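Quick mapping for you: the protein sequence lines, in order, are chains A and B. In this text, residue positions in the first sequence follow my numbering: the first is 1, and each later residue adds one. In this text, residue positions in the second sequence follow my numbering: the first is 1, and each later residue adds one.
Please note that the accuracy of each hint is not assured.
Claimed, not checked - Pairwise CB distance ranges, derived in the manner of DEER restraints:
{"id": "1", "chain 1": "B", "residue 1": "R521", "chain 2": "A", "residue 2": "T163", "range": "56 to 62 Å"}
{"id": "2", "chain 1": "A", "residue 1": "T163", "chain 2": "B", "residue 2": "A387", "range": "49 to 55 Å"}
{"id": "3", "chain 1": "A", "residue 1": "R152", "chain 2": "B", "residue 2": "A387", "range": "37 to 43 Å"}
{"id": "4", "chain 1": "B", "residue 1": "L412", "chain 2": "A", "residue 2": "T163", "range": "17 to 23 Å"}
{"id": "5", "chain 1": "A", "residue 1": "Q104", "chain 2": "B", "residue 2": "K984", "range": "25 to 31 Å"}
Claimed, not checked - Computed footprint of chain B on chain A; a stretch qualifies when at least three of its residues, placed anywhere within it, have a C-beta under 8 Å from a C-beta of chain B:
{"id": "6", "region": "36 to 49"}
{"id": "7", "region": "72 to 83"}
{"id": "8", "region": "104 to 118"}
Stated by the list, open to error - If the Cβ cut is set under 7 Å, some of the chain B residues that face chain A in the computed set are:
{"id": "9", "residue": "L412"}
{"id": "10", "residue": "T416"}
{"id": "11", "residue": "R881"}
{"id": "12", "residue": "V882"}
{"id": "13", "residue": "G889"}
{"id": "14", "residue": "A890"}
If you are wondering where the hints come from, they were derived from the structure by calculation, not from laboratory data. What you are looking at is a predicted structure, and each value in this text was computed from that prediction instead of being measured. We put the CB at the ideal spot given by N, CA and C, even for glycine.
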Amino acid sequence: MPLHHYRPPPNHGGITSTQQQQVTHQPPAMDVLSQSRRQLADYTNSLHRDGFLDDQFSQLQQLQDESSPDFVMEVVSLFFEDCQKLVTNMARALSELQAVDFKQVDSSVHQLKGSSSSVGAARIKNLCVAFKTCCDSQNRDGCMRCLQEVNRECVLLKNKLQTLFRLEQQIISAGGSIPM
Amino acid sequence: MGASAQLQQQLSHIHNQHLLKVYEKQIGPKRAFFSVQAYRHWLSKAFVAWVLGTCCIALWIYNYMDEDSKLRRKELLESMCDQRARMLQDQFIVSVNHVHALAILVSSFHYFKNPSAIDQATFAEYTARTAFERPLLSGVAYAERVPNSEREEFERKHGWTIKTMQREASPIRDEYAPVILSQETVSYIQSIDMMSGEEDRDNILRARSTGTAVITGPFRLLGSHHLGVVLTFPVYKSKLPPSSTEQQRIEATAGYLGGAFDVESLVENLLGQLAGNQAILVNVYDVTNSSDPLIMYGHEDQAGDMSLVLESKLDFRDPFRRHKMVCRYHDDAPWNSSAIVTTILFSMTGILVGYILYGAGNHIVRIEDERNEMEELKSRAEAADVAKSQFLATVSHEIRTPMNGVLGMLALLLDTDLSSTQRDYAQTAQACGKALITLINEVLDRAKIEAGKLDLETVPFDLRSVVDDVLSLFSEKSRNKGIELAVFVSDNVPELVVGDPGRFRQVITNLVGNSVKFTERGHIFLRVHLEEHAKAVTDSKANISSTLNEEESDESMLLSGSQQSTTLSGSEAADEWDSWDTFKYFVAEEGFTMNGSSNGGTSYEEATGNVITLRVCVEDTGIGIPLTAQDRVFMPFMQADSSTSRTYGGTGIGLSISKCLVELMGGQIKFVSRPHVGSTFTFTAVLGRCEKNAVNKTEKKRNAEDLPSSFKGLKVVIVDAKPVRAAVTRYHLKRLGIVVEVASSVKVAANTLAPGVDLLKCRKSSQPDIVLVEKDTWFSGEERCSPVWPVDREQNGHISTQKLPKMILIATNISKSEVERAKEAGFEDTVIMKPLRASMVAACLQQVLGTGRKKSQGKGSSSYLQSLLCGKKILVVDDNRVNRRVAAGALKKFGANVECADSGKAALELLQIPHGFDACFMDIQMPEMDGFEATRRIRQMEKQANEQLEAEGSIAEEGKDGWHLPVLAMTADVIHATYDECVKSGMDGYVSKPFEEQNLYQAVAKFFQDKPISGS
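Next comes chain A alone, as it looks inside the complex (with noise of 0.2 Å):
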């Protein structure tokens, strides 16, 4: 994309706008589904805030509606699979005793880097871009420490993600809405 400097912000007219801000006032009986909504929230910040989740998994938060429920789950569990499977495929490459087929390594490395950021799986993506460095410069012992990086941080997010995902399943079945 070339840069455009200059991205007007969207509808901004000389008329008062009718849209509605977001913010919905609860009424006072749902306090504990408002809680863990904030609980929900404040997770869900603290990921982006540490980096473990970018813009895109908003994105495919957003278009998981009542067609597809659990679109998100279903994306997300097909990353880890993807995740898992690649991780033991880098493996294995890489403890060859002879010689190391770096090729198989990139395109596992490129696969990895597109599930994760199609997912929004920041830090993976960017251990990614580290990992395809030292692939490309053969080392070995670069690829071996990026792929320990790369298991531990899906476990990681793995766990994270499953926390979301209970959040978000106590307010479902509080009977509430996930609010995107």
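Since the structure of chain A is already known, use the hints to place chain B on it.
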């Protein structure tokens, strides 16, 4: 698609030309010339050789000239010497002849007469009196031959004894030769035996044996100490036959006549008579004995010019003796001044010329050295410049990336719960960061341009919406400042043009931004015309302006009702070209074309080829640019003066970037500015024209979708005293499909309305639906008009309230009280705030008319995407299943029917013709068969199918252009090279991965224009 590729080529060609020019300037033409440089080491040697050569030639010249003079000198000496020798010889011979005559006299009168007729007295007398005949002889004497036998008798007879040279009585000898007769000058030799002297004796013996005159060698004469010779003649007793023998002659000898030649005084005397006596030295030698020349005259060792010695032979009639004369110059040959002068002049000239050449050569060498050095420095400077630009580009980029992170984090931070102080801090930080990133972007742009790395996109874009976007950026600011901001795009300008919307927008934004920054009152007016059109109008204006001027000024006075100039806001503008005088021709022309064709401006569209030149003017009534600063406006980091940046901020880099961008777009930027009046910046840009059919299709759809079409056929009356402003308003309304009439005042409008009211029952169509009144016009004429409206309203109010035209006020800024007053006068609540934009006007009108569609309240592009993609069958090809799932999810969200394929091969199988897919999103990097290859195969298949269809002739019936599946690349790293590759392999565009709504919308909009799900 072929045409678009051609267009792209054409555009890039124009841009390349600019780059080429820059490169040419950098490299410069290589010149081939004779180089002194190659021979620099020979220069000094050549100079020395030249000097030596000059000296040689000078010497030769000297010699040549000197030779000549020497020759002449020699000739002179020769002739002088010869002359002297001849004279001496002649004189000598004359004297000899006289002595000979004396000898004959003696023989005749002394011996042949008996007794002798001559005695000493007679002889002395005679010789004394004839001495003038013998100037060379100091004296003559006669000696008689006396044998020893006759000595006594002889001595007795004469009464004296014979004496020797030493004045003594002569000893006994065989014979004697005592002098008996002598001239008085030599009387001292009387009675001296001549035979007693060695020299004389030889002489006597020789004379009597040869019978001729003989001379002695030179010796010191007795009387004087001069060198002299003695001449001796024999005197015979009898006449001898010529053939007489030696013996006979000895026998016949009676005596000897002798004379002494005083050679020294003789020659002295002789030479004294001749010219040039002083100049030459003469020596006379007796060279009888050639090995030992005896000097007769002159000094042996006398100095003189020994270099030139000439000899002349002297013949003194003595066969036994030989003499010669030697002449030489007394002085050395004088210096040949003319030769010397000539030589010196020549050599000086030569050396000077040589020195000049040497100096010139040296100078050339030095200059060339300096030139080389400077070229070296220049290239180094250029390299440094490029390096600097690259460095800047890199660094800017490197700064931007973390800055984006900082900004993103700040945005996230602002989303969290913050105390007001914290929020304030964070917001300040964000604002600063944004300012910084803007600056960095500008620097990056500048550096990119300088490094020649900035490429322009060539994508179709809607010029009007770009311009509206820019306007919306500044609407808030301009409204706060109370200045009018208006845009007008000529109808001749096509809806869609091909170019770089980002860069185009950047230039306009910069210009408008500057204008907003520097304008405190009045207006800012942005206009876009076709260059050809603008030119034509200017020309025609120039032609008829003289005739129209008076009429025009009257009219404008009438229209505005004041002395103000006829610009947008009434304030004076810098460039008079922009006032209504000219502008009305544009409007007039457009009015004409509008009648001619609904699509507008076809005549111009058809006239020019694939490329159009736009002229964009930004006119403001700001502080202007000081005259002194006008020539460095486009230089980077230059502002009018340092106080400018204090007062208004900014870096001053914007205009220089704009200039570069405009030049990259094949245009020029220039400006007219008058301090305290305003500035008008004008730039041209070469853009491509979208293909005709594509334009027509997309144009309509975009308009219908972007701007609500529900206003089509509405009739609006604009009440505005200022024609330019009215034209701007009309432009926006026309874009909404509204029929517009303009009235210069409320009264005029009311007049047009009145018959409308009358005709209401029979002809509804002539009734305007809305009356738009410019605030200024309204309030300036309020007193006059306010009675008209309420009456009007009351009269018709109860009959058909809905049918009455709605009255809307247009204002730049409006106060509460004014709103109240306007409401009282019957205006609607909504006031359309300037700057006008078509979409904004539409929203206002919707609000007023109450016809606003619920749908349009949602997110514009989202709903639009939904309408585009709803029900579409789309194939997503990606080997990564996460990606696949996400893409599918995103597309499904918009209602698309998505199928997936996990490889290029699988996609090809699904896409076997006939298939039902409307579009395909293709990942590029896939194992086995990548996206490019797959697309190429798809296109190949389509081509075959199309050929088959064509052969069957079924295309026309189906109303399709044959098979062409839009294929969009999905790629994570969107760089231009990839885009080119996409186009090359037959793809229609690309979307970044992961999907962004805006990006997806842009990409998809191009292909699904023809089958939208109609909103209403």
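The hints, checked one at a time:
no. : hint                             : in the structure
1   : R521(B) with T163(A): 56 to 62 Å : holds, 60 Å
2   : T163(A) with A387(B): 49 to 55 Å : holds, 51 Å
3   : R152(A) with A387(B): 37 to 43 Å : holds, 42 Å
4   : L412(B) with T163(A): 17 to 23 Å : holds, 19 Å
5   : Q104(A) with K984(B): 25 to 31 Å : holds, 29 Å
6   : 36 to 49                         : holds (count 3)
7   : 72 to 83                         : holds (count 5)
8   : 104 to 118                       : holds (count 8)
9   : L412                             : holds, 6 Å
10  : T416                             : holds, 6 Å
11  : R881                             : holds, 6 Å
12  : V882                             : holds, 4 Å
13  : G889                             : holds, 5 Å
14  : A890                             : holds, 6 Å
Comparing the model with each numbered hint stated earlier shows that all of them hold.
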